[in-house]
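Undergrad: Residues per chain are reported as follows:
There are 6 protein chains.
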Amino acid sequence: VFRPVARYDCEVSHVFIDNGPASIECEFDEALAVPDTVAKIVEAEADGVDAVVVNCMGDPGVKAAREAVRIPVLGPCEASMHLAGMLAHRFSIVTILESIVPLMENLVRVCGLESKLASIRWVDVPVLELEETPEEELVSRLVEESIGAVEEDGANLIFFGCTGMTGLGSGVRDALRARGYVDVPVIDPAVAAFKIAEAVVDLGLTQSLRTYPRSPEKEIVGYPRGGFRATAAGP
Amino acid sequence: VFRPVARYDCEVSHVFIDNGPASIECEFDEALAVPDTVAKIVEAEADGVDAVVVNCMGDPGVKAAREAVRIPVLGPCEASMHLAGMLAHRFSIVTILESIVPLMENLVRVCGLESKLASIRWVDVPVLELEETPEEELVSRLVEESIGAVEEDGANLIFFGCTGMTGLGSGVRDALRARGYVDVPVIDPAVAAFKIAEAVVDLGLTQSLRTYPRSPEKEIVGYPRGGFRATAAGP
Amino acid sequence: VFRPVARYDCEVSHVFIDNGPASIECEFDEALAVPDTVAKIVEAEADGVDAVVVNCMGDPGVKAAREAVRIPVLGPCEASMHLAGMLAHRFSIVTILESIVPLMENLVRVCGLESKLASIRWVDVPVLELEETPEEELVSRLVEESIGAVEEDGANLIFFGCTGMTGLGSGVRDALRARGYVDVPVIDPAVAAFKIAEAVVDLGLTQSLRTYPRSPEKEIVGYPRGGFRATAAGP
Amino acid sequence: VFRPVARYDCEVSHVFIDNGPASIECEFDEALAVPDTVAKIVEAEADGVDAVVVNCMGDPGVKAAREAVRIPVLGPCEASMHLAGMLAHRFSIVTILESIVPLMENLVRVCGLESKLASIRWVDVPVLELEETPEEELVSRLVEESIGAVEEDGANLIFFGCTGMTGLGSGVRDALRARGYVDVPVIDPAVAAFKIAEAVVDLGLTQSLRTYPRSPEKEIVGYPRGGFRATAAGP
Amino acid sequence: VFRPVARYDCEVSHVFIDNGPASIECEFDEALAVPDTVAKIVEAEADGVDAVVVNCMGDPGVKAAREAVRIPVLGPCEASMHLAGMLAHRFSIVTILESIVPLMENLVRVCGLESKLASIRWVDVPVLELEETPEEELVSRLVEESIGAVEEDGANLIFFGCTGMTGLGSGVRDALRARGYVDVPVIDPAVAAFKIAEAVVDLGLTQSLRTYPRSPEKEIVGYPRGGFRATAAGP
Amino acid sequence: VFRPVARYDCEVSHVFIDNGPASIECEFDEALAVPDTVAKIVEAEADGVDAVVVNCMGDPGVKAAREAVRIPVLGPCEASMHLAGMLAHRFSIVTILESIVPLMENLVRVCGLESKLASIRWVDVPVLELEETPEEELVSRLVEESIGAVEEDGANLIFFGCTGMTGLGSGVRDALRARGYVDVPVIDPAVAAFKIAEAVVDLGLTQSLRTYPRSPEKEIVGYPRGGFRATAAGP
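Chains as they are written, first to last, in the working numbering: chain A, 544 to 778; chain B, 544 to 778; chain C, 544 to 778; chain D, 544 to 778; chain E, 544 to 778; chain F, 544 to 778.
Just so you know, not all the hints are guaranteed correct.
Put simply, identical chains are the same to the list, so a pair is met inside one copy or across any two.
Listed below are the simulated SDA-like cross-link pairs for lysine to any residue, each with C-alpha atoms no more than 20 Å apart in a straight line [as the list claims (entries may be wrong)]:
1) K583 - E674
2) K761 - T676
3) K583 - N562
4) K583 - I560
5) K583 - E678
6) K761 - F559
7) K761 - L640
8) K761 - D579
9) K583 - V555
10) K583 - V764
11) K761 - E641
12) K761 - E554
13) K761 - E687
14) K761 - N598
15) K761 - L671
16) K583 - E672
Think of the hints as simulated: they come from the structure by calculation, not from any bench.
Turn these sequences into a full structure, and let the hints guide you.
TA: Structure below.
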């Protein structure tokens, strides 16, 4: 899904974390996924990668990793919210489960965009069942919730609240059009974050070192990679 | 300044408005600049342009034009604020004159990003004097206000509050570094809006028609181009 | 509708703009109406008028005109919101079309009164059809939406979201009473702004020149009246 | 001070409370002043008064009295804030003592206008010493704080934070002009509330009965006037 | 209800006010209840009491009393909101009557916790009828509104909006469990405020004298207890 | 420091994490400390502990742990903010380093208490140097920043922004008194959280399972304790 929208000279690669939960559906899952996510981002920078997108809508480890590397680190939730803010008066997020709503509302508040959030809705399918669910059914549920967000909550734009839904954007857009909703943009967050990352690299920008300062040197126990520091170049 | 950061396959063109004030420094100037700005954007869409950036930090006519065309219309102020929100905890805007502060603070509030705004500062040079002022002096004033924003107002990132300052980004960044401020990103808003516009086009997105609906057909007096409508394709 | 509530020594006059759209229902319409609105206000000041109320709920040109003249310029939306804030815990606006909601919510945010807004509702009648619609039917729709605002959205006061509804205030109030809603004030915005304008004049006040500074002198192309400036007295 | 700005057909009268503190400078003073203030307002309605302005910037008893009578009850603090919101981007309040700041900031928050408040400053003179202080000295202190509010806090308009300063408006305005501040309106709150009260009466409006419902009938001990109820007409 | 949760060494006593209304259901009732509430708190301090909880959800007299004594004064509404903020993402308040909603929403805003408030709902039973209503029926109504708050308004925690409901906490909790809501804490506000008061005393803390300064000495008419001052020890 | 304020029947114990950084001064440190913090809290619940306070002002792992256990988990930052909100109009936090300000401001926003925050200040001493710094010097720096917060930022109450400062509360209070600041409460956050935890246990409350739901069962790699789940009792 990234290839078709990528610049001709942009190389895309993926890595998975070795340690952590099989999916992220709450603060607990996120806590266990973060250390290895940060480690992989430190490795990516050492490998010469230009920018990193963390492929999860909880933006796990994004803030921590920004302190550990100097390349831009983007979170799909944050990037989608800001992009949505440029394209519409109010947006809704359609995510997997009701249980992730507090986590996601807190992300919105930390970004300061709560006045642009129309609602958070969910299709009631856990992450690990997303793959087993027929795409047709998933799209249908996403469309139901999207229409509810538009008609009942005042949403003018929709984005998905789980990157396990990546690639369903055009299907949902088509189905919305077929239902008469030609006027509601649908953002596929991981893809959006990827394109924002390209733009940030081209602009020669990265996250502010004042917001994300490097942690003072200190002993770190139990993390084999020397506390993630050896490979990270100085500012 | 756009060429070096543009994609290899992206063509950049500029047009000036025929009718309106020589510069925009308040609501009054903006009001007179808007109708022709919208007309030019309607023409640009008819000419096959893929996206438009309005080259003024008051984002004049951006909302009106979004209702008149289907191609994405970006404002540098809105785009910079959202980009800044992804890269830093708080940002400051360094603009031309104190008198433009209310207009700009209202733009921030409409975007919902007031909690991310550290301050708005100004170099006290009117737009039309920007060109006559030696670049060295301008950079020096921008640096003074940027450092003030960081030290006194808690800014972690700076962007310019006038597109007449376009091109000064790297000069200000270098001067800040020379003063020891290696950790503060500086955004050149018109260039940033241009890259966001590229990304929006690549993602197949545009402004929400629900937020920016087409005005119902009606008589429009005194605007020769048929009320801007003839050339605009329907949704 | 102004005469009965006006002070005995207050003379009321109306002017229409020569150039612009036949009605204002979105940002685009507003953009085209603003320049001539400002011009008429500059003329009004030159004619010795004491204060101006712009007769449209989008408050078009209010901020721009405040920079061009020294007499008070009032907008019915802004005036109604503040008056409503003095009389009730939360208010709802009943306007013409859903499409005007983003514009109107942005006006509320710029005034800072979003915490007092219960909801914006609409009767689904375009401005130009207001006159053709039987008054009875209009009142009936306004009453339906007003009751919905009270019962479902928690509104304690209602004001109209289109000055094309001016004069319907007492009809709606009577119909609400007949339905048992004796406790909900209904504000007719143009009339309210008119009375606030009287009070501002009596108090010897006008808009702050710090918020609405006069634009620096500059060349203005395409506007025949010398850029609106010749007749406007200096501060 | 009310006579010169009043309508020709408006009769102004004053009453003092019999029971309560000699001045109101905190929540404690206010608590003791409220019962008799409400009683006097109930009497005023019985006497055929059209509207009441409570002459204290803490707006003591305004909300309670609105529940007990059907004539409009205005508070000078609330009225000034809303009027200021119509005339300027940000306002500052210059009051008597630092100790009253929390009470006053809470009033601003309850009105929802905290985003329009530039600052609260004080002249450091208790209410009961206001009369003994030479007017010249008071004006001079008010001017100092007003200029500080403009230059340091970004205020575009000033209003007094104590009705013991009523009548000093024009003196402060003149002194500000003499110092070069021709562009900052100064509101005298009691006078402003009085003119808003006139407008509310002319518009046939009063506070919302939904916000200020009449208390259910119940026994009230220790208040001789039958719990203030006998003379109050039903809605 | 306090005894079972109190520390072994904590003595609990109650006093009723002599003067004031039989119940508090609006601003008017509250205004009349406040003076004697403050007087009783001043007496309590003189009697050596360590801390006071005002047993009403409008927190009447809490701010005024804090200025008059140095022992901690707690309001059950304020204490419950803050405790709820520590235990849940959003809370709802279930109170007696719709008419008390504005008063209670203003309390929430003054505490700054409006972003944590899911909704305020009511059982539609006046205070004085609470005692006559069978407990079973009251619990049933509280459960209905609590479930509505969870399912429709997004509440994650409930607290009662009237201390006349004190003691119903465990009944409501059990009934909610029986209906399948095992995951929603229910706070009994007066009891919660009592435990917070214990903690504040143990920590050697009290309200800030900067927020709640003692009123300057002045004449107070009509309040027999010397204006509440004789027995109050200085700071 | 906990013993003297604890209830007679309350047993206090401490554990340190085995894996993680030597101190927590940014998001990166926090990310590495969280997994073992959560593990220790799961163990504590299995050991029969009644409530847990995480002894760090970043509240690391508090939200994640709340999902993994049913006993109350308290964070000193969150608990102090809410306690401060009950005792004062505005509070300031005095912490270790400027670099921790964004993390801490985000905590305040997530709690919704940003309107009560006067400022965050720092003594410019890293955590690991706190122990080596003479207590006298630390107290002196804390006092300087506290006075600055009161005089320049409008703070009415102070709490420490690092639990490495635990135990300095009474020293700072005494020194403030000696400087004439008798009216500013100083909260020692870890001790405050401990007392709130006692109160929550006595009230039979815990965090809302709706806000902190248990993560769906799933495979967790790289965490030896079976994903922390074996010992945790169901709801």
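Undergrad: Hint by hint, say whether it matches the structure.
TA: Hint-by-hint comparison with the structure:
1. In the homo-oligomer, the alpha carbons of K583 and E674 never lie at most 20 Å apart, since the shortest distance is 24 Å inside one protomer and 34 Å across protomers.
2. Taking identical chains as interchangeable, the C-alpha atoms of K761 and T676 lie at most 20 Å apart only when they sit on different chains, with a minimum of 18 Å there against 47 Å within one chain.
3. For the identical chains of this complex, K583 and N562 are neighbours both inside a copy (11 Å) and across copies (19 Å), given an alpha-carbon limit of 20 Å.
4. Taking the closest pair of Cα atoms, K583 and I560 come within 20 Å of each other only inside a single copy of the chain (7 Å); across copies the shortest separation is 23 Å, beyond that limit.
5. With identical chains, the CA atoms of K583 and E678 are never at most 20 Å apart, being 30 Å at best within one copy and 41 Å at best between copies.
6. For the identical chains of this complex, K761 and F559 are inter-copy neighbours only, at 17 Å across copies versus 28 Å inside a copy, given an alpha-carbon limit of 20 Å.
7. For the identical chains of this complex, K761 and L640 are inter-copy neighbours only, at 15 Å across copies versus 39 Å inside a copy, given an alpha-carbon limit of 20 Å.
8. Both within a single protomer and between protomers do K761 and D579 lie at most 20 Å apart by alpha-carbon distance, with minima of 19 Å and 18 Å respectively.
9. Within a single copy, K583 and V555 get their C-alpha atoms as close as 15 Å, which meets the 20 Å cut-off; across copies the closest is 38 Å, which misses it.
10. Taking the closest pair of Cα atoms, K583 and V764 come within 20 Å of each other both inside a single copy (18 Å) and across two copies (15 Å).
11. Taking identical chains as interchangeable, the C-alpha atoms of K761 and E641 lie at most 20 Å apart only when they sit on different chains, with a minimum of 18 Å there against 39 Å within one chain.
12. With identical chains, the CA atoms of K761 and E554 are never at most 20 Å apart, being 35 Å at best within one copy and 33 Å at best between copies.
13. For the homomeric pair K761 and E687, neither the shortest alpha-carbon distance inside one copy (51 Å) nor that between copies (28 Å) is at most 20 Å.
14. Taking the shortest Cα distances, K761 and N598 sit within 20 Å of each other only across copies (19 Å), while inside one copy they are farther apart (29 Å).
15. In this assembly of identical chains, K761 and L671 lie within 20 Å of each other by CA distance solely across copies; the values are 9 Å between and 38 Å within a copy.
16. Proximity of K583 to E672 under the C-alpha cut-off of 20 Å is found in neither arrangement, the shortest distances being 26 Å within a copy and 31 Å between copies.
Violated hints for the displayed structure, listed by number in ascending order: 1, 5, 12, 13 and 16.
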